[in-house]
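**Q** Residue numbers (my numbering), protein chains in the order written: chain A, 9 to 486; chain B, 304 to 1405.
Warning: the hint list may mix true and false statements.
Stated by the list, open to error - Far from chain B by the CB rule (all over 10 Å, computed), these chain A residues:
1. Glu115
2. Pro186
3. Pro201
4. Glu353
5. Arg376
As the list claims (entries may be wrong) - To be clear about the criterion: a stretch of chain B counts as covered by chain A if any three or more of its residues have a C-beta under 8 Å from a C-beta of chain A, and this derived list gives those stretches:
6. 619–632
7. 1366–1380
8. 1384–1398
None of these hints come from the bench; they were simulated from the model. From the three backbone atoms N, C-alpha and C, an ideal C-beta is built for every residue, glycine too.
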Amino acid sequence: MTVFNRRELLRRCGNGFGYTALAALLAEYAPAAFGEDEAAGKSQGLHFMPRAKNVIFLFMDGGPSQVDTFDPKPLLNQRHGERFPAAVDATQFDQNGTIFGSPFKFEQRGQSGLPISELFPNLAQHADKLCVIRSMKSEFAEHSQACMYLHTGSPIQGRPSLGSWINYGLGTVNQELPGYVVINGGLLPIGGPENFSNSFLPAINQGTFFNVFGNQEIVQNVKPAFGNETQSALMDFVRNSDAKFQKIQGETNLESSAIEGAIKNYETAMAMQTAVPQLTDVSGESEATLKAYGVDSKNPLTAQYAKQCLLARRLIESGVRFVELTCVKGIRFIAPWDDHENIQEGHRKNAEVVDQPIAALISDLAQRGLLDSTLLVFAGEFGRTPFAQRSHGRDHNPQGFSIWLAGGGVKGGFHYGSTDEFGYRAVDKVVSMHDLHATILHVLGIDHERLTFRWGGRDFRLTDVYGNVIKDCLFPSN
Amino acid sequence: MSSQQVHGFLVALVFMVNAASTSDPIFANEASEKEAFFEAKIRPALHEHCLNCHNVGKKNGGLSLDSRDGWMQGGDSGPAIVPGQPDESLLLRSIQHLEPGLEMPAKAPKLSADTLASFRQWIADGAVDPRDKPESLTEANLDWDKLFQERSQWWCWQPNPMLGKPDRYRGIDFWLNAKMKEAGVMASGRADPQQLARRLSFQLRGLPPDYRDVESFGNSPSADAWRKLVDQYLESPEFAEHWARHWMDTVRYSETHGSEDDAYLPFAYRYRDYLVRSFQQDVPINRLIEEHLAGDLIEPRWTEDGVNEALIGLAFWRFIEFNQTPVDVKKEEIVVIDSQIDAVGKAFQGITISCARCHDHKFDPISDEDYYALYGVLRSTRSGLRVLDRPESFSQHNSKLDALQTEFTKQWSSYWSERLTSAEPEFVEAVQWLRQNPQGETKWQDFEKRLPEGKPLVRVLARLSEGRGNASLRSMLDVLVQRSDAEFVQEWNKWREKIANPSNVIPEDAKLLWDLSDGDFNTWRVDGAGMPVQPIASQPHWTVLGNSETFFTTLQGEGFHSNLLSDRHAGILRSPDFVIESDLISLLCRGTAGARGRLVIENFQGDSLLFETINPTLNSDQTQWVTMTIRPQWKGLRGHIELLTRDAKPYIGVTKDPNYLENSDGRSSFGLFQVVAHAHGVQLPQWRVIPDSLSQAACDSREKASAAILQSIRESLGKLKTGGGNVEDIRWLNCWIESGWLSILPADSPTIRQAIDEYKQFENQIPKPHWAPGVYEDRLPVNQSWLTRGDHKTPGKEIERGYLVALKGVTEPIPQAASGRLQLARSITNPNNPLTARVYVNRVWNWLFGEGLVRSVDNFGRMGEVPSHPELLDELAARFMTEGWSTKQLIRHMVTSEAWQRSTSATETSISNDADNRLWSHMLVRRIDAESIRDSMLCVAGNLKRPDSGLGTLPYYQAVMEPNKQSPPGPLDGSGRRSLYLEVRRNFPYEFLLSFDFPRPASPVGKRSTTIVPTQSLTLLNDPLVLHESQIWANKIRNAEGDQVSKVQRMYQELLGRQPTATELQAVQSLLEEVRTKEGEEKAWHVLAHGMFNLKEFIFLR
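Isolated chain A, as found in the complex (with noise of 0.2 Å):
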């Protein structure tokens, strides 16, 4: 008889921690890091000691442009107009026009001094808890690749996402919430669904959509089918039989301790049905807490990202382990940030929608003590051409782009890395997308390189055979 059977199973069902024999079996593995409650449930353990639980991550879907929000580049002004002197690598467009100086202002902020665009008045406030990494660098300059890319380290369909491996690694705290949450505000990054997928890895980690756009149910099938009398007399019939039937096939080997899971899967999905709706609530926040996020804006957009905000700091409260916001619809299609035609215009309402709720978000978590066990991060697929597509717009442009972190471990008020003088090319200290994910899983106590997943007859990791931890970027552990 072998371990890995026992972790095979484990890792199979999603109630792993209701296994209370399974678990015993377990200690071998248990962290020393998180409470004991929480280490029955994790599949792989830590390697690190943690400086944060949770991620929320903010995605700016369209790639928000690099030289008009965190990375300065006077230069531009100053040659605006000017032909691009450096060679151009193929755009998605090819209509590459001239210099184009940022329309938007900068300013130092904070004590630290870190230009942040006049794009962001509130998150300015912020600015010595922000991590800005001004060195990205994606391999790709089309939306759906891109956006698979940041999402699961491959451009392709078929790799787990971040949020799936993470929670994967790491398993859940609350048993009546999923590990891993994606609050959609109606614009799914291009490529769909499978940007959360959990691919090879157990179903249990994948991301779970809460709907908070239109008027449909917030999350699919937790609203009971029936009235609660008339459920509980189902779920009593349903636990009979399936008692008998457990006992009829016994406990005699592992495979039928599958059926057990099963049955107690039914717990933990009837406590689910509590547990959401109670959860996406906010009746119970207070004035204050409303209106500093916006929840009340008369913009209808930044409204609806104020709730996505807020919703994300409930679910990380309640222990969810990963939540990804994506971005409200109502400003473009698909995309919003994919300012192809007028940066100022679109960028100036793109900004406008995220930088209240942001910025609340932030306060809210330090004021409750849960930023430091809280990553966040604010990343789009890619950056923007520091010169114009026709004249006023700006093209995709992976080639090198600014990203920020906050909160658990992160230095604050930083920047880290460079782009050329144009602001074109990442050429100082540059962060790939598996550095980058071999960063966010450091801070979460995990080496990127041992977390593995045996499928198809080969260990996968989401770094896949690359990524180098940015450790620059975090204060140094104890």
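Fit chain B to the supplied structure of chain A, relying on the hints for placement.
**A** Chain B in isolation, oriented as in the chain A frame:
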């Protein structure tokens, strides 16, 4: 995995390594005894197991082991070796697996006891290491040949010793029982007959059994009755559907391509139906594989309806995801071909060939040269739809049509020759009228109203001078109508001079790539249904457009045209490859009804955004220049030109109309004359249409000019009448046909109308082709260059097309003119291929028993597992081949074995000695698959559509994820179709099935994962489909005859294949009672039905 077997293997391996090293004379003579020990035992082991990750270049864990200094300095966890102190040495502790979290080698089995002992001894002896400097790990140093030899010893590469030795067959139970006896494990007894029948029904049909079958087998569960039931199920259509789906998992079946728009792969469903037919007919698996790989190159397999099944298998190559708008097209080809190589390797050979793209395989005897040899085969293969029907069904009337057309041409030209003889006054009069009534600034709409009644020629000439029609013709009319009498002679002569030197030659700054009217055609390919096989050679032809009023539309004397006999003739015209160098490429072409021109770059199939400019829709029956714009990044790449009729498009990118495929009358056409590469600003030649005779006619009056014009038309008609006429004549006549004057269907000629009607009768009998996704051979196959680290920007030497060197015993040389797919197919289905049959019988075992004899069903290589019963696997494989590669026969063998019929209750000895059940002493409890759960609900509800085939139904979505990218949801119950017939969309998989582990089509999945997660409970409790089906089932039961007890009995029979017990009846009655009191009769039954769908007994097989 049996650790013993692995150890045995490793011992053998290490022994070989040692033998090789110690025989090296240099070391034997010069090195000290301790160094010799290092060379003999340690260096090879370091190479084999450590240096890949622990070298100066890639210091995993900060440790390099490629020099003495490396291990002395150590890694993140301190020095690796303390010379003389093995137990203090971290390296030894790691490889002994004594250091938690540092078990080495990473992700590989523990080293053999022998090797561990060698390391211990070496360290104890002072860890003598002569390596002052880091060893350079060049290709040469790694010594592929040696590695190859070692790796080829792995079990899966060995020939099957049972092949051709039926005397060594012992049967399934013999081998299993022998091992059980050895391990002291008692087998469980036969399962309860009712459970057996249910198990069999789900495993073979994916549906619950008919209770009458359960009952009759339960009454006399003899071996005979069992065999009868097995045969009954094997012959049922539901069997073929269920097993086709197994196969679809392994070929990553999908009906869309993913990426931004999730575009359609048209007619993919034909492949699904083909598989169902193939499993129904038990087509030999070797034949099926050959059809998948090279169905176009082997003997056809005709259905009664005249469809060549072999071609449908080719869709296998097309189930790929591709990026819709890659900036780097060549990189995209690499991704696509990699997916194809991955699929061939895993699906048919159980090996991971695609691991060798960037470097030699890390574990198996597969080199990167093998990879690029196979790459060349696929690079020489083109994507496209294939016509499945017998060629003669499209061409059976060709000679008749040809004759009728010739006859028509004669009649038509005679008619007009005659009419034109007396047309001079009419012509002169028309010119006169136009001179007296100039259009001036008047709009055509207003001017048209002023045209005289009953004078059709006035209208024709007015229209021409107004700006329609050919430029040369217009300039002629300009002289005739606009110029004053005084100017006329001079202007007419000027005009003659001008057109005598027409600019219809390709300018010097453009490059004529092909001229199809000059016979420049030998490297092109024509594929499709009934199309001509070459450009027009001599006799003029009409283009035929069945939907046009006149049926024949224009005369053609040159170029290639798909519709010389009918526009029902459909297909693809494809150029050979060329290197793209120009800014623009222009096609002199025509096309109707959704025909398309394409420039296909590096086999890239997409047609949107970036690629719109090279995928023009051809929407003019008149020949004209259509220009494609080349993006700078495409220069230097390979491309080819394609012209396609509407339904031959291999990819439907932009339409969201699911009925696009069905909404076709099959009529579409194209024509092509020239392909020219040129720069921006180059003037492309316009056709000269004025015949020499006219350009030489010196006329001193308008009347004489009119006469000359009429004369030249009559001359051209005259030549046509006698079967002659050159390109000039035809262009000249076309001008007048297009102008509306030389009507094809003159109102006063019943004979001409009759001729067309007769033509139509035969033309209408040409059927609409059946298309399916497939591939074609390239006319000029190419090899692929080896790509350093898989990067196309760093090509190395050219690798000849071929297959794995490790399988050289079964490979065949690839002729220069062939891609090599046929040779690949034959290598794979060669009985001496050690992998193919083993892989397939192991898959079938896995599908029937829940685990494979080799548990890693898609990987027999070094990272996979060894067979639990190698002799049994070999016997099954050998027997399978001898018995004609028959799936049904193989299933019969397995399910009639004692092993398969055992109960799921383990014996005590099994629990204590074989907890993993590797010895198959009992049957595994299994959850039924996603489709079976859904289909069973529909089945018991009486809501299942039978029989079924054809275009898939869109799945139902509760929450529309991406309204702008996603099709609208399909019907909740999928129109009552089995899950097999629901569309498989890459970007929007059906959530219901997904939650029960329906596989994503990214890579072959031989064994689905079976997870047990709360989402499944929520789905069965609250999903609208479950509510819907339970309601229908409840209504059916409630409205049936009989009392409550008999109704409840019926529900248990239908869903669980058994009678309820007395206690169960009681429980049900109290449930019904409770709900009935509060919510009424209808709700009570609904809740009961719903509850039953939530029983574990429903979804688990015992």
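**Q** All hints are to be evaluated individually against the structure, with a verdict given for each.
**A** Hint check results:
1. Glu115: The assertion about glutamate 115 (chain A) holds, with a minimum of 35 Å to chain B.
2. Pro186: The claim is violated: proline 186 (chain A) sits with its nearest Cβ about 8 Å from chain B, within 10 Å.
3. Pro201: About 6 Å separates proline 201 (chain A) from the closest Cβ of chain B, which leaves it inside 10 Å; violated.
4. Glu353: Glutamate 353 (chain A) clear of chain B: closest Cβ-Cβ about 21 Å, beyond 10 Å.
5. Arg376: Its Cβ never comes within 10 Å of chain B, the nearest being 28 Å, so this holds.
6. 619–632: Coverage by chain A holds for the region 619–632 of chain B (7 residues, Cβ < 8 Å).
7. 1366–1380: holds (count 7)
8. 1384–1398: holds (count 7)
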